[in-house]
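**Student:** Sequence:
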Amino acid sequence: MLDAVAPSGRAVIFDADGVLVDSHGAYRDVWYRWALLHALDADTVLAATHGRRPVETITDVAAHLDAEVEYARLREYVQEIGDAFPVFPDAAALLAQLPPSRWAIVTSGDAATVRTRLRAGGLPVPSVLVDGHAVGRGKPDPEGFLLAADLLGVSAAQCLVVEDAPAGVHAARSAGMAVLALTTSHDTDDLVAADVVVTSLTEAAPHLVAWIESGTRPVGNPLTLGDLAEGGGAETGSS
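Residue numbers for the sequence shown follow numbering that gives the first Met the number 0, so the first one is 0 and each next one is one higher.
Calculated directly from the structure, the hints in this document are not laboratory data. The beta carbon of each residue, even a glycine, is placed where N, CA and C say it ideally should be. All clues stand as given, with none of them false.
Label-pair distances were calculated between CB atoms; the ranges are:
1. Ala41 - Arg74: 16 to 24 Å
2. His63 - Gly175: 33 to 41 Å
3. Ala38 - Glu212: 47 to 55 Å
4. Ser126 - Asp186: 27 to 35 Å
5. Gly24 - Leu150: 27 to 35 Å
Could you build the full structure based on these sequences and the hints that come with them?
**Tutor:** Printed below as a string of structure tokens:
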């Protein structure tokens with residue numbers, strides 16, 4: 000494992016679900032259960048959820064329902080399945096390579112829930128964690144990412160976002176940030192707006208280290224930690 004790189008003026012912002020926490024299957028089951036309760040098409044509902052705040056999804060797919068009441072119902076469903084939200088096995092090694100003050104989380108979920116899942120999985124909790132309650136508009140609006148950058152004390156151009164959902168990718172793009180996407184919940188074709196698409200945090204790690212160290216913007220070619228040691232890498236963008 001590499002030691003954490005030296006702090007710079009650049010930062011990495013992670014989504015939580017589907018990026019650090021392997022929650023896709025559990026949330027799929029929760030939303031399918033909810034859709035069945037209300038006689039809604041489950042696949043249509045699920046397609047409207049990724050990367051977005053639950054209340055906004057409910058409003059979009061079932062405007063006749065009380066969104067806050069239904070959100071409370073969804074939270075009850077989540078509580079019933081308990082610890083079905085493990086962290087990805089390569090998350091700890093990745094985060095150990097980043098300076099603690101140079102990364103944050105922006106989630107459409109609840110901050111307390113995210114903190115609980117990170118701690119349960121043995122992951123550190125960042126000092127900057129922006130949740131869906133902290134903003135007036137959720138993803139794909141860039142508000143959450145811009146707030147995180149402000150709290151980190153960096154500009155949007157100095158941020159690289161790690162996302163798994165199209166709504167999050169578009170939010171980061173709208174914020175003027177570089178984007179690396181993971182195929183944990185969507186196919187590559189759904190994530191083409193990202194600078195680069197990878198399959199795992201292990202594959203993402205060299206890109207994130209290069210960003211923090213030198214501002215190397217990720218592009219769609221393979222990059223390994225060996226490349227960094229040899230001074231190679233992708234095209235360098237502005238920091």
